[in-house]
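Assemble the whole structure, with the sequences as input and the hints as a guide.
2 protein chains.
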Amino acid sequence: MSVLVVGSMALDSVETPFGKRDDILGGSATYFSLSARFFARVSLVAVVGQDFPRKHIKLLENHDINIEGLKVETGKTFRWGGKYGYDLNVANTIYTHLNVFETFSPEIPSSYKDIKYVFLANIDPDLQQKVLSQMRNPKLVACDTMNYWIENKRKPLLDLIKSVDILFLNDGEARELTGELNLLKAISWIFKRGPKMVVIKKGEHGSIFATKDFTFCIPAFPIEDIYDPTGAGDTFAGGFLGCLNKYNKITEGTLRKAVAYGTIMASFAVESFGPERLLKLTNKEVESRYRDFQRLTRF
Amino acid sequence: MSVLVVGSMALDSVETPFGKRDDILGGSATYFSLSARFFARVSLVAVVGQDFPRKHIKLLENHDINIEGLKVETGKTFRWGGKYGYDLNVANTIYTHLNVFETFSPEIPSSYKDIKYVFLANIDPDLQQKVLSQMRNPKLVACDTMNYWIENKRKPLLDLIKSVDILFLNDGEARELTGELNLLKAISWIFKRGPKMVVIKKGEHGSIFATKDFTFCIPAFPIEDIYDPTGAGDTFAGGFLGCLNKYNKITEGTLRKAVAYGTIMASFAVESFGPERLLKLTNKEVESRYRDFQRLTRF
Chain A
1 MSVLVVGSMA LDSVETPFGK RDDILGGSAT YFSLSARFFA RVSLVAVVGQ DFPRKHIKLL
61 ENHDINIEGL KVETGKTFRW GGKYGYDLNV ANTIYTHLNV FETFSPEIPS SYKDIKYVFL
121 ANIDPDLQQK VLSQMRNPKL VACDTMNYWI ENKRKPLLDL IKSVDILFLN DGEARELTGE
181 LNLLKAISWI FKRGPKMVVI KKGEHGSIFA TKDFTFCIPA FPIEDIYDPT GAGDTFAGGF
241 LGCLNKYNKI TEGTLRKAVA YGTIMASFAV ESFGPERLLK LTNKEVESRY RDFQRLTRF
Chain B
1 MSVLVVGSMA LDSVETPFGK RDDILGGSAT YFSLSARFFA RVSLVAVVGQ DFPRKHIKLL
61 ENHDINIEGL KVETGKTFRW GGKYGYDLNV ANTIYTHLNV FETFSPEIPS SYKDIKYVFL
121 ANIDPDLQQK VLSQMRNPKL VACDTMNYWI ENKRKPLLDL IKSVDILFLN DGEARELTGE
181 LNLLKAISWI FKRGPKMVVI KKGEHGSIFA TKDFTFCIPA FPIEDIYDPT GAGDTFAGGF
241 LGCLNKYNKI TEGTLRKAVA YGTIMASFAV ESFGPERLLK LTNKEVESRY RDFQRLTRF
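In order, the protein sequence lines correspond to chains A and B.
Under full-length UniProt numbering, residues 1 to 299 are what the first sequence spells out, in order.
Under full-length UniProt numbering, residues 1 to 299 are what the second sequence spells out, in order.
Derived by calculation from the structure, the hints in this document are not laboratory data.
Treat the hints with care, as some may be off.
Chain copies aren't distinguished; within one or between two, either way the pair holds.
To be verified - Subject to a maximum C-alpha distance of 20 Å in a straight line, what follows is the list of computed EDC-like cross-link-like pairs (lysine to aspartate or glutamate):
#1 Lys-246 x Asp-64
#2 Lys-212 x Glu-224
#3 Lys-284 x Glu-151
#4 Lys-76 x Asp-22
#5 Lys-71 x Glu-61
#6 Lys-185 x Asp-292
#7 Lys-212 x Glu-287
#8 Lys-185 x Glu-271
#9 Lys-257 x Asp-292
#10 Lys-71 x Asp-292
#11 Lys-185 x Asp-225
#12 Lys-192 x Asp-159
#13 Lys-212 x Asp-114
Given below as structure tokens:
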């Protein structure tokens, strides 16, 4: 049992009202993996440059993440610089240096091709499609995207989601993609384009998960000290897909659990800069916060 | 068993992206009453002018609201004009004509003075204090306020909340009152100033309820067609206090239920202009949506 993630690995420089870090480990595949590993074996596909610190690669290995699909290419690693103001829901990108990511063309190792749970993190929809075409018979395909692809690669994105089971979006992206302000209407719009399930992430306001059969609304787990929201969405996706992979059963019950685990994994991610908190996290803390979360929302 | 509300009755002119209405029945005491009446007998204190349509007064009576405390004064009724853009969380005030409300000095009929559940809707904190001083031995006092009083009557407001059990605020007001961006920290700040409970309303993003013993986070009940958010907060408060009054017991269980009922009452209020939907609402619809809401949030 394994979950495949194809996405970015990066060196991030992040500034929030609570501090600043330079060239720390980042990227969608990183956050996803460090979250999903609590529930399932993770197999990663990504690319880094020769400048990527060996210790980060070691660290993934030490956390039992399968890095057979990680390529080290000539050139520099993808770098992102971002700044958050007091509204931590809004990231202001200072720079994006694609570097080796610019020519990234994901190749799926043959040992990965039978993996049943697939997460296509936020990359060019053409590349997401290319990944999908290499998989033999996935059981559940989820994908994330962003405003850039919605604006510049709308047609490939709409083609891709025809074959995707679960679409992950934040609220702004859902509105932009569908032209619907109301999120329930945005979800109906998406259901007509392929996906059977939609996750709309609203940052500190929680998320809405919907299938054609039921809708599930969940608040965020409230945190007193949010240091850095970078990676929260991918961490959510990691908890979500990892949890489904663990149960290996797509039912209303496992889907609700998966959303709740995704939510609490994201709440850990934001408690420190980069993936620091995820790296120190224990299973016991995860389970304890899950129980707290049930109490926090029950009526 | 009865709930007292002291607040405004108004004639509102409202424009939203979905339509426009002029001089419709509005005001905090109106919304509160039309919501709380599903759970408890409501006794209202408010003032209107001679221009206030008789039919509105009849309507309150027909809905079994005790209007002994409603005064009809010489002059015009309080009028509010507001406009909402696509972000229905933000009301833009076009005008506020206080009219008879300017000299409003609430007097509590003696038949009201033993009422145990008291809601001080958003009016001048000096007047809220004046109401409170007339009550004999209330069991639970809740109050609402707004940015205007936070900015212009901070001292009287802080004096007032020393004797208030539950403070209702929206997220922006909580941040403004406390100087804390994080809502959990804002709640801790408030606990040090008197209230034992806090409700932070986040509009379409639900609310956070906290006592010193537990925190409860709840999403909004999602609605496809929101026509007019005016009055949602007072409708929430009406469902909340009405429910507590019905159970006449302040426990963790009844408080959670009260927050959930407040939330669904607010979801009805926004489904039409003014209080139209609340006027047509049945107990059966309330109970049915409550069950839907449990399913919507359970994991």
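Hint check results:
In the homo-oligomer, the alpha carbons of Lys-246 and Asp-64 lie at most 20 Å apart inside one protomer (15 Å), although the nearest pairing across protomers, at 55 Å, exceeds that limit. Taking the shortest alpha-carbon separations for Lys-212 and Glu-224, only the inter-copy value of 15 Å comes in at or below 20 Å, while the best intra-copy value is 35 Å. Proximity of Lys-284 and Glu-151 under a CA criterion of 20 Å is satisfied in neither setting, with 42 Å inside one chain copy and 45 Å between copies. When the C-alpha separation of Lys-76 and Asp-22 is checked against a cutoff of 20 Å, the pair qualifies only within one copy, where the shortest distance is 16 Å, while the shortest distance between copies is 63 Å.
Taking the shortest Cα distances, Lys-71 and Glu-61 sit within 20 Å of each other inside one copy (14 Å), while across copies they are farther apart (75 Å). For the homomeric pair Lys-185 and Asp-292, the shortest alpha-carbon distance between copies (18 Å) is at most 20 Å, but the shortest distance inside one copy (32 Å) is not. For the identical chains of this complex, Lys-212 and Glu-287 are neighbours neither inside a copy (29 Å) nor across copies (24 Å), given an alpha-carbon limit of 20 Å. Proximity of Lys-185 to Glu-271 under the C-alpha cut-off of 20 Å is restricted to the inter-copy arrangement: shortest distance 15 Å between copies versus 33 Å within a copy.
In this homomeric assembly, Lys-257 and Asp-292 come within 20 Å of each other (Cα to Cα) both inside a single copy, at 14 Å, and across copies, at 18 Å. Proximity of Lys-71 to Asp-292 under the C-alpha cut-off of 20 Å is found in neither arrangement, the shortest distances being 40 Å within a copy and 49 Å between copies. In this assembly of identical chains, Lys-185 and Asp-225 lie within 20 Å of each other by CA distance solely across copies; the values are 9 Å between and 34 Å within a copy. For the identical chains of this complex, Lys-192 and Asp-159 are intra-copy neighbours only, at 12 Å inside a copy versus 56 Å across copies, given an alpha-carbon limit of 20 Å.
Taking the shortest alpha-carbon separations for Lys-212 and Asp-114, neither the intra-copy value of 27 Å nor the inter-copy value of 51 Å comes in at or below 20 Å.
Checked against the numbered hints listed earlier, the structure breaks hints 3, 7, 10 and 13; every other hint is satisfied.
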